[in-house]
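Kindly generate the complete structure, drawing on both the sequences and the hints.
Spelled out, the chains give:
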Amino acid sequence: MIPGIGTLTQDTLWCFSQVKGTIEIGVTEADIISTVEFNHTGELLATGDKGGRVVIFQREQESKNQVHRRGEYNVYSTFQSHEPEFDYLKSLEIEEKINKIRWLPQQNAAYFLLSTNDKTVKLWKVSERDKRPEGYNLKDEEGRLRDPATITTLRVPVLRPMDLMVEATPRRVFANAHTYHINSISVNSDYETYMSADDLRINLWNFEITNQSFNIVDIKPANMEELTEVITAAEFHPHHCNSFVYSSSKGTIRLCDMRASALCDRHSKFFEEPEDPSNRSFFSEIISSISDVKFSHSGRYIMTRDYLTVKVWDLNMENRPIETYQVHDYLRSKLCSLYENDCIFDKFECVWNGSDSVIMTGSYNNFFRMFDRNTKRDVTLEASRENSKPRAILKPRKVCVGGKRRKDEISVDSLDFSKKILHTAWHPSENIIAVAATNNLYIFQDKVN
Amino acid sequence: EMEDKVTSPEKAEEAKLKARYPHLGQKPGGSDFLRKRLQKGQKYFDSGDYNMAKAKMKNKQLPTAAPDKTEVTGDHIPTPQDLPQRKPSLVASKLAG
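Top to bottom, those sequences are chains R and Z. Numbers 1 to 449, taken from the numbering used here, label the letters of the first sequence in order. Numbers 1 to 97, taken from the numbering used here, label the letters of the second sequence in order.
Check before you lean on any hint, since a few could be wrong.
Calculated cross-link-like contacts (lysine to aspartate or glutamate; reagent style EDC-like; alpha-carbon spacing at most 16 Å) [said to hold, decoys possible]:
| no. | chain 1 | residue 1 | chain 2 | residue 2 |
| --- | --- | --- | --- | --- |
| 1 | Z | LYS43 | R | ASP257 |
| 2 | Z | LYS54 | R | GLU29 |
| 3 | Z | LYS36 | R | GLU225 |
| 4 | Z | LYS40 | R | ASP87 |
| 5 | R | LYS269 | R | ASP257 |
| 6 | Z | LYS94 | R | GLU29 |
| 7 | Z | LYS18 | R | GLU340 |
| 8 | Z | LYS11 | R | GLU285 |
| 9 | Z | LYS54 | R | GLU93 |
| 10 | Z | LYS36 | R | GLU29 |
If you want a taste of the chain R side facing chain Z, the calculated C-beta under 7 Å gives, among others [to be verified]:
| no. | residue |
| --- | --- |
| 11 | ASP31 |
| 12 | PHE79 |
| 13 | PHE86 |
| 14 | LEU92 |
| 15 | ASN176 |
| 16 | LEU335 |
Think of the hints as simulated: they come from the structure by calculation, not from any bench. Cβ coordinates follow ideal geometry from the N, Cα and C atoms, glycine included.
Structure representation (C-alpha cells):
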C-alpha cells in the first residue's frame, strides 16, 4: 500500500477483515462503544465504551510468508479508565462513559493516551514489560524481609525474560475544571499542551500540571436566559500550535488564535453558510448543529458534520463551505418522527483518510458513507455480521426514496434507527477503517490484489 | 405560500409536528431547550438515593452472607478471613474476549 494514495475509484473494494464483540439480542448498555481512535502510526487502535472501559488493539506484524494477508488487530491492553461518580452538589450522576480518546505522539517505548468522560480527563501510560529481575536474596521463602545482619553474600539480581505483560497506569488526572459536559479533547502540536471543551468553555492544560488549567474560551452569558448557542466540538490545528477551531449548535465554526489574547472570546475567523430565510423551519437550527469538526491532515481545510450533511471548508474562505455532501437527505421527510424519538439529536462523527482525498461518516441501519473529494463518487456500505466472511467484499448499499424499490435496495421506512454508526476511524496512512456499530467493532480493509 | 409548504419536505414535517404538539414553542434553539441540554443526566434526591439505585442494578451480583458469618459482628474483632469476599463489580469488556 503506497501511503498517500487513497482514492475511492471504482477500483477500490472494501473487504471485511475482523469484527470484535459479541452477538447479543439485548445489548448491555455498558458495552456500547462511544469512541474509536487509531494512534499516529496506525499500529494501535483504541476504543472506549459507556462502561468507562478502554480496549486497545495492536496490529500484528505482517509475516513475510503471508503477503496477501494484512496485519490483524489483536487485543493489546484493556483497563477501566473511568468509573461512575456522584456529584453531591447537584445530586447528579457523572457517567463513566468515555466521550473521547486521543493519542499522544509516541516519544519513547511507552504509549500515552488521553481519555475523558463528562468531567475528568486522564492521561494513561501503556507500557510493556518482558523482563523481570530474579535472584534477590533479601527475602525468605515466605516473602518476609530477612534481617540484614543474616545476609552474608551480595547477590546481584539478573534480568530474565518473562511473558509479555502490558500495563496501563493512570499518570495524570485532570479534574474539577468543567462545570458542563466535556465533548472534546485535542492534543496540541507542541506536545506539551492539550485542550478540553465543554458546552460553554474551553480549557488549556499542560500535561505536567493537573491542578490548574487556563480558560481560553468562555461563551457563558451573564444571564443564562440569554443562552443561544453551545460549543459542540473543538480541535487544535495540526501544525500551528496557536490555532484551534470550535463548532457550535448554530452551525458555525470559529477559528481562534491564542497569540491574540489570553481569552479567545473574539475569533480570528468565523465560518458560517448563509441560510435562505424562506427555507427556515422548526428543525433548521437543530439539524444545522455541528456534531463534529476535524482539521484535514494538511491543516488547510476543516470538515464539519451536521445532521444531514458533511461539509468541507477552506480556512481561507469564511462565507461558505467549498464542498457539501449529502449523507442521508431522504431523512428530511422524516424529521417529525426523528424529533419525537430523539434521533435528530444523534451526534455523528466524521473522519478524513490519510491523504485528505476521501471522507467518511456514519448513518443509520449500520450504514456508513464515503465521499471521494476528487472523483465526486460516493458509496454506502454496511457493517453487518452477514457480510463477515474473511475478506468478503462489501457490496454497496442503496436506500430507495420512493416509488419502485429495486431488489437489493432498502426503503427509508425499513431503516433501523437503533443501529447508528456514530464513531468511525481511518488508519493514518492505509486504507484500513474501524467502524463502531453499537457494541461491535468492525475492521475493514481495501482489497489486496 | 401554500405551494411552498407542499414542496418543502422540511416544512411539511414541521406542520406535522405542530399538529401533534400545538403548544410547541416557536424557537427550538431557545435558552430553555439549551439549558435542558446542559443539565443532562439523571437527577437523584441525594447520595443515598443514588447508592440505592446502583445497588438495585447490581442486585444479582451482591454476595449473600453465609449464615455462619453473621456472628462476625459484635462477638469478636473480625479478621480479613472472616469477612465475605467482595465480588468485583467491574466486568471486563466483551471486545477483549
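Hints, one by one, checked against the model:
no.: 1; hint: Z:LYS43 with R:ASP257; in the structure: violated (38 Å)
no.: 2; hint: Z:LYS54 with R:GLU29; in the structure: holds (14 Å)
no.: 3; hint: Z:LYS36 with R:GLU225; in the structure: holds (12 Å)
no.: 4; hint: Z:LYS40 with R:ASP87; in the structure: holds (13 Å)
no.: 5; hint: R:LYS269 with R:ASP257; in the structure: holds (9 Å)
no.: 6; hint: Z:LYS94 with R:GLU29; in the structure: holds (12 Å)
no.: 7; hint: Z:LYS18 with R:GLU340; in the structure: holds (12 Å)
no.: 8; hint: Z:LYS11 with R:GLU285; in the structure: holds (13 Å)
no.: 9; hint: Z:LYS54 with R:GLU93; in the structure: holds (11 Å)
no.: 10; hint: Z:LYS36 with R:GLU29; in the structure: violated (23 Å)
no.: 11; hint: ASP31; in the structure: holds (6 Å)
no.: 12; hint: PHE79; in the structure: violated (9 Å)
no.: 13; hint: PHE86; in the structure: holds (5 Å)
no.: 14; hint: LEU92; in the structure: holds (5 Å)
no.: 15; hint: ASN176; in the structure: violated (17 Å)
no.: 16; hint: LEU335; in the structure: holds (4 Å)
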